[in-house]
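Engineer: Letter by letter, the chains look like this.
Protein chains: 4
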Amino acid sequence: MSRFHDPQDPLFKRLNASISFDIRLAPYDIAASRAHARMLAGLGVLDADELTAILGGLDAVAAELESGAFEVHPDDEDVHMAVERRLTELIGPAGGKLHTARSRNDQVATDLALFVRERSAEARRRCAELMAALLELAERHRDWPMPAYTHLQRAQPVYLGHHLLAYFWMLARDAQRFAAAEQAAGAMPLGAGAGAGLNWQVDRAAVAGELGFDSIVPNSIDAVSNRDFALDYLYAAAACATHLSRLGAEIVLWTSEEFGFLRLGDAFSSGSSIMPQKRNPDAAELLRAKAPRIAADLAALLGVTHGLPLTYNKDLQEDKEPLFDAADTIELCLAAAAGMLGAAEFDRERLAAGAADELLAATDLADLLVRRGVPFREAHGVVGGLVREALERGAKLSELSQQDLAKHSAELDLDAVREALTGDRCLESKVSPGGTASDRLAEQLTAAHAALAGLGA
Amino acid sequence: MSRFHDPQDPLFKRLNASISFDIRLAPYDIAASRAHARMLAGLGVLDADELTAILGGLDAVAAELESGAFEVHPDDEDVHMAVERRLTELIGPAGGKLHTARSRNDQVATDLALFVRERSAEARRRCAELMAALLELAERHRDWPMPAYTHLQRAQPVYLGHHLLAYFWMLARDAQRFAAAEQAAGAMPLGAGAGAGLNWQVDRAAVAGELGFDSIVPNSIDAVSNRDFALDYLYAAAACATHLSRLGAEIVLWTSEEFGFLRLGDAFSSGSSIMPQKRNPDAAELLRAKAPRIAADLAALLGVTHGLPLTYNKDLQEDKEPLFDAADTIELCLAAAAGMLGAAEFDRERLAAGAADELLAATDLADLLVRRGVPFREAHGVVGGLVREALERGAKLSELSQQDLAKHSAELDLDAVREALTGDRCLESKVSPGGTASDRLAEQLTAAHAALAGLGA
Amino acid sequence: MSRFHDPQDPLFKRLNASISFDIRLAPYDIAASRAHARMLAGLGVLDADELTAILGGLDAVAAELESGAFEVHPDDEDVHMAVERRLTELIGPAGGKLHTARSRNDQVATDLALFVRERSAEARRRCAELMAALLELAERHRDWPMPAYTHLQRAQPVYLGHHLLAYFWMLARDAQRFAAAEQAAGAMPLGAGAGAGLNWQVDRAAVAGELGFDSIVPNSIDAVSNRDFALDYLYAAAACATHLSRLGAEIVLWTSEEFGFLRLGDAFSSGSSIMPQKRNPDAAELLRAKAPRIAADLAALLGVTHGLPLTYNKDLQEDKEPLFDAADTIELCLAAAAGMLGAAEFDRERLAAGAADELLAATDLADLLVRRGVPFREAHGVVGGLVREALERGAKLSELSQQDLAKHSAELDLDAVREALTGDRCLESKVSPGGTASDRLAEQLTAAHAALAGLGA
Amino acid sequence: MSRFHDPQDPLFKRLNASISFDIRLAPYDIAASRAHARMLAGLGVLDADELTAILGGLDAVAAELESGAFEVHPDDEDVHMAVERRLTELIGPAGGKLHTARSRNDQVATDLALFVRERSAEARRRCAELMAALLELAERHRDWPMPAYTHLQRAQPVYLGHHLLAYFWMLARDAQRFAAAEQAAGAMPLGAGAGAGLNWQVDRAAVAGELGFDSIVPNSIDAVSNRDFALDYLYAAAACATHLSRLGAEIVLWTSEEFGFLRLGDAFSSGSSIMPQKRNPDAAELLRAKAPRIAADLAALLGVTHGLPLTYNKDLQEDKEPLFDAADTIELCLAAAAGMLGAAEFDRERLAAGAADELLAATDLADLLVRRGVPFREAHGVVGGLVREALERGAKLSELSQQDLAKHSAELDLDAVREALTGDRCLESKVSPGGTASDRLAEQLTAAHAALAGLGA
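Chains as they are written, first to last, in my numbering: chain A, 637 to 1093; chain B, 637 to 1093; chain C, 637 to 1093; chain D, 637 to 1093.
So that you can see chain A by itself, here it is in the shape it has in the complex (with noise of 0.2 Å):
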């Protein structure tokens, strides 16, 4: 930049330079480069040569950014800069008729809206990966009892099918956030120049043809300052990994001792590096910690725009880290929950054990008691009260004579309390739409491969 005499201090440098993480968009900054001088040759600013001899130069300097041989040199401030700069070492002054109606401005908000793209539809293959695995799981434990909990205390029994499709929904929402990031990134920023626009009259929609792009930004100050498709994907990303988290603590309690619903194979578990006997679940212990890093990566970028007047500023620059950062964990972690959830093994004695507590069936009761008129209110008290009392005597409820029962209702006959206590009958009788008996959960398998085809990933 001819404008200066000093150069810049070396701490400076360090601070301003992006190289060594925007590097990873020279794939996206080279297809960009491409388009624009295809537009740049239409508008006559290139003659034929020159447009082969930069396409064929930025072939080879996409070659030597793949097989590694590309020198990032210390002046190398970013990867646009890099890139223009071997291209202009490998084929002369013609590259640095490239920058021509362009400015870093458009073109870093395009590359990182071309990522934006593609790993949007990279997390939706994922999410789609992790439903079918989770969906053929459900299938394969359609009639598997559980105790379902609610504020971790059995509740009432439900199949594991059951319990695992809710898993499945969760990840449906979030195949469609990353569906609206992609499309949040689907306008071009490129063209808009340093804010302004441009002195040329450049077929922008052309140029967002061949890139993929649904359409351009119509407004380039917009273009310049705008990062909502980076926050819309980081969002999408947080929201996944928090159902992720969830899913792993899940596991982190089924794999104990103490529950033994779940046992992790061996490719997905970990030991220890003093006692001999453990049998770690740490994949799924990570799947739980990566949350708040993604959500933490949401607020870095939520804060870094907050208060920034228009057009572009160099705080901007920090939307690429945690965006990078969020992308590769949030695939990782949907490939390993995916990779965990196939290698592990239920246990569908504890499971049916845990689901064949009596009290789970309290509902049933008092529903017994409001199918002969007890309001349910009076009804939910008729059963507390039983529940109390066995509880009290060591016993349980089916153990109740008819003598206990009609202290605490007259509308109690032994005979239907010992049915509502029968086996599967508590989770047969979950009859509403969504619930967990069979016809329904039948229902909901045939939807949930309607919704996994739609998906389309």
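These are calculated hints, taken from the structure and not from any lab test. Quick reminder that beta carbons are idealized off the backbone N, C-alpha and C, glycines included. Hints are not guaranteed to be accurate.
Straight-line C-alpha distance at most 20 Å; calculated EDC-like pairs for lysine to aspartate or glutamate [claimed, not checked]:
#1 B:K1043 with B:D1000
#2 B:K1032 with D:E893
#3 C:K649 with B:E967
#4 B:K1043 with B:E1064
#5 B:K649 with C:D993
#6 B:K1032 with B:E1055
#7 C:K649 with B:E1025
#8 C:K1043 with C:E1014
#9 C:K1032 with A:E893
#10 B:K1032 with B:E994
#11 C:K649 with B:D1051
#12 A:K649 with A:D711
#13 B:K649 with C:D961
#14 A:K649 with D:E994
#15 A:K1043 with D:E893
#16 D:K1032 with B:E893
#17 B:K649 with C:E1028
#18 B:K649 with C:D964
#19 B:K649 with B:D1051
#20 C:K1032 with C:E1055
#21 D:K649 with A:D711
#22 A:K649 with A:D683
#23 D:K649 with A:E967
#24 C:K1032 with C:D1051
#25 A:K649 with D:D961
#26 A:K649 with D:E893
#27 C:K1043 with C:D1060
#28 D:K649 with A:E893
#29 C:K1043 with C:D1000
#30 A:K1032 with C:E1014
#31 B:K1032 with B:D1049
#32 B:K1043 with B:D1060
#33 C:K649 with C:E702
#34 C:K649 with B:D779
#35 D:K649 with A:D964
#36 D:K1032 with D:E1079
#37 B:K1032 with B:D1000
From the structure, some residues in chain A lie toward chain C, with a derived Cβ separation under 7 Å [unchecked claim]:
#38 H641
#39 D642
#40 P646
Use these hints to put chains B, C and D onto chain A, whose structure you have.
Structural biologist: Okay, now just chains B, C and D, sitting in the frame of chain A:
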């Protein structure tokens, strides 16, 4: 609850009770109870008289709430219990039948979803109002030159209308995000019971239709443990508030003596308690300051659901306060921003003076060289040299002589340079789609009208 | 403010006014006004009668506030204006002299510092109360074995008292952080005026002494723009709440049917609206859920001060709500935690059963080999092999024969192995300082008593 | 780990391994291993030859790490295993004895505490360097008038040196917070083993002394589950970064054409890729932008420990990356800020012009009336009226006539008013302690020198 001998500890009550804030959900709770009662009548749980009594009682409770006559009882733990308690006081034991076939778990999720639907629609309306205000302002100032800034350094001139439209497009995206939140809250949780489903063949779709939901949640466990729609709302609000914080920051800048671009109306200005001369842009500062608050609301709810096992846990009670706070805050901010802009006056001369700085046409000089065959990178260097020479001599660019120009490049002639530096040349040359040139801006205004109309808010 | 012609817009008023929440600062505001009035009398700005009138008037305002008789006027923008307005109504124009030599800028910072000092001291007291409850509990359960967990897998047995003391030390650090916040709020802002200092030779040190401050802020600009003490409080509260969230999470685990280590008293349990058998640990869940809320309060205020130019900006009005929320929340959580623990009963047998798992002594077997010269890494492998063999044969480690042992290592003999696996051997062998062995635990209890006494709260 | 049959899944390894980032802890890990080995020799676990071999081997590993010759092995899960693996390769089976009487749980906590101690001390040193730079600058500009702003509106004139010292005091508090973090990391975790303590009578105090710790953690469970010291560091860094963000924001403002108060050196300025005239304050913008990043690092670790049961959980592996990021970022920012300020030049005339605005003396006019017996509230109104009249007539306050003054107050005479508006009167009248008057500023500079010396950094 008859299971317990001892009353709750006062400290526990204070920690546990949500009535002080969830009373706000009463209108939704009552609406859902009306639909639920009709469904129970369809099931035969309520007879016609009971249904009439319950619907009348709910009307009475609603009237008490609206008039302020409703008295919260010390034992009212939450809005659901308070409404049922009062209903039963008013109509007798039939009130105790209303809680048949539902749980507070699905009830509160339903109330909250209704809240999110209503507030999302309202936020969208307010986005549209602010967009309309911006659009009107942009049309009125479509030909007022001002400097656009990058790095808060004057970069290139743009029309004020163009600058204001950048905010229009941000808000258009915000409106979309609120629409997504509204849609995410469109699946009704009610009918999931405590989490496993109900012992009743309920017609959830009919209830959903009556309440204005689009569909029902397909999995009972997900229905009671999911708060994604609240997160979606919070994220939409956080992104929107962050946009408003940028607007606020610019207004603060622009009303400073140094910039002097804007004068807020008295109705949106504050004085000082000590300095009689002050005219402070408090509203703009608060727009700036509210973004971290709403981002924190989002972070709080992401944090609450982090690592939370299924299904319902009391932790989810912490969903309401951040949500209510975000809704109140963003709605007020959107309305205040529209009001503030409506009462603001721009200073045409100060804006124009900033735009008239010849240095802002430096890019145009570089492009002039490009048109004469000089590679842009070289042209950039040539003009950088011109700028340095002018600054060091304390001259304007247009005051450089032909000889001065010749020292830097053989391709520069005085006439072309001076023409490039003349009047609005530099604005009208920004002809790329989305650029600030008048014709492009006219297109953009048309597109903005269409976008606003399409919002249908 | 006579500079303005037009009244403030209602929307602006709603956004701008802080009286709805900062009225809470009234006691501090009045205390500071009393000291300020005395200082003004010393300067000669107030004569004796005026001082008497003002002090009497402030007492009357304070009484109205305490009794609830104080009426907020629609034009009362904030607590400072409300108090001055009411004072002037009560005592006439002399009230208008009170704002001499101060600004709301230094006034609000002073009020807030007084608030932080008082709430920090209170939080420290509540930490000490909870520490005392933990210590009492630890002494009572000093010899109850339980399994310690890593990765939620049983790792090694410890005494329950030892485990409980871990929380004691966390809270000791929290108390220190609250002390740091109290100290950070110890420099009085009052006397800085609007930011440049005052046109009066005021005796700030005397005012500070009267208000209980340790010193005065040495720079007037810093005095009005600094909110570090509020951040320090928020951080202390966030760290403390995070500790309580760990305690809450463990109580939720321990009260589950599967763990069964703990039974909360009725006074700290909740029932279910639908499931009569439930006994839910709501208070513990809320302890867990409040941490993200307070962390968000901290994030909000960090965000508000991000990028804020000096000196005072209206943004700083956003300091109060997060601070008040954090103070109310952490104080309630600390008290509720102490109450909940006081009413809890541990189940000695369930705890002991978990601790009796022989696998938890695997490290001791490895160390046995080490004492016989086997490198630990090899010993770890040997015992890992023993564990696998035992698990695959469904046998306990103590059921392995001498031949079995010999297959794995020549250094293992039956007697030594069985002894290592006997009774509390494994607990009492943890003799390193800070370990769980009884003697070490006794030392730790002594140290805890000393730490609590040293807290002097 | 011989408990397992199957190798770890590659996805699991990628998720689980921390070696890519915790290799950075190697120097601390090796230092701790040296002390641990000496302790083991004292216990008799190592004989003299083994100790010599281990110490020599550790030196060799350290040398490999420093030279870059150290090769990470695909199975090196973390730094601890990598160092032990390499040690054993170098010295044979004796290497396998080193892990006696320790666990990775206490080892990693110890490494991290050592890291926090070292980085805290370094951050404190860099705070001191920046404080020294600010102090030098303040002294050099102790008599340069400038406008102080509230609400970004000119409020009252101050000396630039006074303004700069506001940052000095912020940094003094930051240095204190880093000192608190250093102290918090002063209790050694090593010796806690996996969490229950060790089967060995180890002399933890001796090891602590050798490693420079102040004390040992008194509870083995707390030792392995506590990360408070990392939080303390992150909070200190977040508060400091937020202060720097305010400095950055002001520099961005001040280097704008509109303010023109400051010119950054070429060595701390950037050009534009498209606009040859630009001189961008990138470093200042990045100072502003880094605060949300570090605040997010803090939020991430608070989130990770939220609701985490004791003792060690794999989640804690997520402590390192935010900590490392915060340390690198804040150290660079502190150094760059000092460098940038050192190379900056203030524009005395532009600053003075802003300060010369007569309206900034409005408070002085009000105080003039107060001295003549007018209550401040009334005086404030009188001067407000004067200001309005002057503004509406386009006159300066000093241009109002005696008649003009008389219309507003009988207490105002032309001479006194004009004197109050003269020259530096308004600055030198700010005589309250901490005010900007020269004598007060001189006192403050003395206090600042003392504070800096007291820091001893």
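Engineer: Taking the numbered hints from earlier one at a time, note which ones the structure violates and give those numbers from smallest to largest.
Structural biologist: 4, 5, 7, 11, 14, 15, 17, 19, 21, 22, 26, 27, 28, 30, 32, 33, 34, 36, 38, 39 and 40
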